[in-house]
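Novice: Quick mapping for you: the protein sequence lines, in order, are chains A and B.
With the first sequence counted from 1, adding 2 to any position gets you our numbering.
With the second sequence counted from 1, adding 26 to any position gets you our numbering.
It should be emphasised that the hints constitute simulated quantities derived from the structure, not laboratory data.
Keep in mind that the hints are not guaranteed to be accurate.
[Unchecked claim] The calculated lysine-lysine pairs, modelled on BS3-like cross-linking and capped at a C-alpha distance of 27 Å, are:
1. B:K172 / B:K431
2. B:K154 / B:K170
3. B:K283 / A:K48
4. A:K48 / B:K830
5. B:K594 / B:K145
6. B:K594 / A:K122
7. B:K732 / B:K172
8. B:K454 / B:K665
9. B:K431 / B:K732
[Stated by the list, open to error] Here are some of the chain B residues that sit facing chain A, going by a computed Cβ distance under 10 Å:
10. S136
11. G281
12. G282
13. K283
14. H298
15. P376
16. A762
17. E765
18. E769
19. Q827
[Claimed, not checked] Computed spacing ranges between beta-carbons, pair by pair:
20. B:P116 / A:R87: 24 to 34 Å
21. A:A50 / B:G448: 38 to 48 Å
22. B:S750 / A:G201: 41 to 51 Å
Quick caveat: nothing in here was measured; it's all calculated off a predicted structure.
All residues carry an ideal CB built from backbone N, CA and C; glycine is no exception.
Single-letter residue listing:
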Amino acid sequence: MPRGFFFDNTRCTGCRTCALACKDFHDHGPEQAFRRVIDYEGGSWKVADDGTVATDAYGYHISLSCNHCTSAACTKVCPTGAMHRDTMGLVWPDMNRCIGCGYCTMACPYHAPAIDQELKRSSKCDGCHQRVAAGQTPICVEACPLRALDFGTTGELAERHPHDFDRCTRSIMPLPPKEATTPNLFVLASPAARRAEAGDGRIANREELGL
Amino acid sequence: MTESKATVSRRTFVTGSLAGLAVASATGALYGCTPAADDDLAATGEGAETAPDTVAWSQCVVNCGGACALQWHIRDGKIAYAETDNVGDPNGLQARACLRGRSLRRWINSPDRLQHPMKRVGKRGEGKFEQISWDEAYQIIADKLKSVIDTYGNEAVYMNYGSGVSSSTSRLFPRLANLMGGYLKSYNDYSTNMMCAGMPFLYGDACSPYDNVSASSISEAQNADLIIMFGNSPAETRMGGANIAWDFAQVREKGGKIYHVDYRMNETASGHPDEWLPIRTGTDAALVSAIAHELIVNNQVNKEFLDTYCVGFDEATMPESARGQHKSYQDYIMGTGYDMVEKTPEWAAPITQIPAARIRELASEIANAKALFVAQGWGPQRHSNGENTSRAICMLPILTGMIGKPGTNTGMREAEAGGLVGSIPAGKNPVEVAINCYQWLNAVDHGATMTAARDGVRGANALSSGIKFIWNYGGNCITNQHSDINLVHDILQDESKLEFLVVVDTVMTDSAKYADILLPDAMRAEQFHMANNGYAEYYLGVLVGEKAQDAPGEALPEYEFMTGIADKLGLKDAFTEGKTQEQWIEELYRQSADAIEGMPTWEEILEQHHFKMEAPAAIGFADFVADPTANPLETPSGKIEIYSERLDQMIAELELAEGDNIFPIPVFDPGFNGYGSVNEEFPLYCSGFHHKSRTHSSYGGVEELKQVARQQMWINPLDAEARSIENGDKCRVKSAVGELEIEALVTPRIIPGTIGIPQGSWHEADMDGDRVDKGACINTITPYHPSPLAKGNGVHSLIVQVTKA
């Protein structure tokens, strides 16, 4: 059964604790990240004659790492089979096989893999597979102050979030449509994310994300 | 310390995978096909046996008011990474650290840590120092302290406000100074200054922003059907997993309607845009006044509550001295007193930028609420009109009688629960004289002319001396977190004014650059330590933490070097009472454990390290509302004083600067640099806000945090467009006192006409050159204009111009 992340977009405050816990655990500096937070926002303003204002502005955040997709694009393009799905359903690059060609970085619509400049090899979220194998959660899940992240098999997630799991979607703006890779990402969409479906929003933190 | 199963990190990942590659190359199998490649563990280099981590418990002790737990994983004597509180139910009480706590090791292990005692050799603020020995530092400090006291008296010695460390054994200078006859005291703090001054007149002298009597616990909002937050964003101020941000998520999920009255769509409202009611910064009291108007004209005030529990709503309950003078709150609102202007929604609309119809809607929702929970953060009061604003916000629950009952709050910020353990006692300060914490710079500059009536001196009519000796521990309020950094710099150049400044810190902060003697402090992770739960979370707890690694260089725990100074003064025994820091902690812990049921024994806490217990929920002023005769407030009347006779008398005695106002009732007064003050030169309002990347200026040097939470000025697309500013552009922000450079975040999440700048960023300017602050510290541009009553830092009242750099 595939494993993936549950993400409660109604709770997320964009605090980035998930991202910094991940950086700390994986010893990444400012330039490297397995998990990132997208700030997405939109809406406009009108100023009336009396100086009062009206707006339909919205803003929300998406905590995103690798979605360990069922139809992972990264594994399909990998010429050596390094990028593989392990026995727990987690997708990550085998260091002994990876040649650092970077095809995976180009194929993934979520920008999950990146070439580690030190190793010259592909590098991405491995779901903290060693922690998971030891019965722990990925470090980001245990870190979230809002308990907005969870991780497990789809069955486990459905069981732990009985009221929310059926209402989850695998894509909110600006993520690619779920058909692209069938991500194992289950998002409980916020009211702001529903407003963004109109398509007028933008990513507000491109610099931070390296986009 | 305990042992934990080894888990993956990039260190082992790197070592392991390189080793794996070497083997693969040697066998000519670079492209795979080694049998080991099928083994998940070998593929990440984790197959080999690794020694288990040692784990040490600790805490993040900066002043966000959270006190989140950390479990340091230690390898080779050095902190490798952190886990946080993962004990118990993940959806229950877990003091999970926020992004800053998860980055604390970057600060602890920073190459920028101060490692040796140092003596200034350049000009103040130049940052030029030479290394000295601890013994020399002790002697210089002891000699100077004695000579200042001998020459100017104890009132010339001052401990500056600083809040970077909260711990049972920190901030020990008062204990030493009190053994020498004391020091000039300070009152209030930079967080709640105007509120601390104003609220006692409304709710009584016992009213404090830090209790669970004057306010309800946040859990009470779960029982409300309408929740109104004025400038109160726990997702940016109280972010930890046992902090209010988490509690507030549960409030939302209970289903009550929520409004965030704020000039920004703050992060607590992110994801929930309908909760945001945009308002011009500094005008909350105008909104409240217009709502009051609607409640009055629609006969929706709770007259029974106002008559029973309050003084001064209308003529019926005015005190004798103010009768027949149209000085009641109703007179103010209806335009029959004070400024004689009726506070209609149409009056408030252009001030607040909220359409009149929207104000009427909100008033109607308030009138129809079954349980109304109003809470204000500390931003609205951090304005030049903060003494009025903080009281005005409380008028919503007062007018509707939504106080003291389930689901209500008093209008103060949500309650705090207190703590379990005490601190090393400071002793008694024989000096009775006090200044507001924000007045230290004036006291350095012209202290001997400062008076009670003009400058808020307490305990005497005037100061006897200027401040000559400052002790600055774990704080950055000399420059970065004070105001008008350029002015501070100029005043501190004159060494005949402030003769001696000791700074104790862990890194070279901007304030530290001004030190005459700079002492390197060990961090909590580098010593045995203990602290309570924080004030930004509603539970009771204590953490007894271990030393995880050695302090760098010669850095020492504060207790050790304070003992060294005491020794030079012949006060060692009096200072230590013969105890080590460890012995103090044990004694303090045992005192609490003996008195409080349910606390683990000393032996048990040394095993488990962290103890937490639920605090009983509180409803603000529940006792007073249940029986106002038996449980009066500490006002002269024992009631809520909407009109304060005491304040009216005090106003008559004050010597206020031109344009500064205080009123005996909670009015809207724009205040210095407030609404209406913008002009051609400075056409925009500007406010600071708390940012996820720092707690004030703590953590400001951590690159990993700067990368994910950039220092950006929030500006509305309409204001940006008018200045040809695009997202990401470098901009200059200029006020009457300074100029800074900052990147623009052009965002619809801020109201037009006001910009927002995250406070606490590290000042970085050529002070002998153009003084343009490339670090974008907001206090480069905040004027030093103490507020009318508190004499505090109303620094969110600010007008600026923004240009593309």
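Novice: Run every hint past the structure and note whether it holds.
Specialist: Cross-check of the supplied hints:
Only pairs whose Cα atoms come within 27 Å are accepted, and B:K172 paired with B:K431 is rejected, the gap being roughly 55 Å. With a C-alpha separation of about 20 Å, the suggested pairing of B:K154 with B:K170 holds against the 27 Å cut-off. This hinted pair checks out: B:K283 and A:K48 have alpha carbons roughly 25 Å apart, not beyond 27 Å. At roughly 24 Å between alpha-carbon atoms, A:K48 and B:K830 fall within 27 Å of each other, so this suggested pair holds.
Pair hint B:K594 plus B:K145 holds up; C-alpha atoms about 18 Å apart against a cutoff of 27 Å. A hinted pair counts as satisfied when its Cα atoms are at most 27 Å apart, and B:K594 with A:K122 does not qualify at roughly 58 Å. Distance restraint check for B:K732 and B:K172: the Cα-Cα separation of roughly 43 Å exceeds the 27 Å cut-off, and the hinted pair is therefore not satisfied. Only pairs whose Cα atoms come within 27 Å are accepted, and B:K454 paired with B:K665 is rejected, the gap being roughly 33 Å.
At most 27 Å may separate the alpha-carbon atoms for a hinted pair to count; B:K431 and B:K732 exceed this at roughly 44 Å. Interface hint at B:S136: violated, since its Cβ lies 13 Å from the closest Cβ of chain A, which is beyond the 10 Å cut-off. Annotation: B:G281 was flagged as interfacial toward chain A, and the flag is violated, the nearest CB pair being 13 Å apart, outside 10 Å. The restraint placing B:G282 at the interface with chain A is violated, with a minimum CB-CB distance near 15 Å, outside the 10 Å limit.
Annotation: interface hint on B:K283 violated; nearest CB of chain A at approximately 13 Å, more than 10 Å. Satisfaction of the interface hint for B:H298 is found here, the shortest Cβ-Cβ separation to chain A being roughly 6 Å, below the 10 Å cut-off. Taken as an interface hint, B:P376 checks out: its beta carbon lies about 4 Å from the nearest beta carbon of chain A, inside 10 Å. Checking B:A762 against chain A: minimum C-beta separation of about 24 Å lies over 10 Å; hint violated.
Hint on B:E765 is violated. Least Cβ distance to chain A is approximately 23 Å, over the 10 Å limit. The restraint placing B:E769 at the interface with chain A holds, with a minimum CB-CB distance near 8 Å, inside the 10 Å limit. Against a cut-off of 10 Å between C-beta atoms, the interface hint on B:Q827 is violated, since the closest Cβ of chain A lies about 19 Å away. A hinted range of 24 to 34 Å holds for the C-beta pair B:P116 and A:R87, which are about 27 Å apart.
Under the hint 38 to 48 Å, the C-beta atoms of A:A50 and B:G448, about 56 Å apart, miss the expected range. Evaluation of the 41 to 51 Å hint for B:S750 and A:G201 yields a failure: the beta carbon distance comes to about 27 Å.
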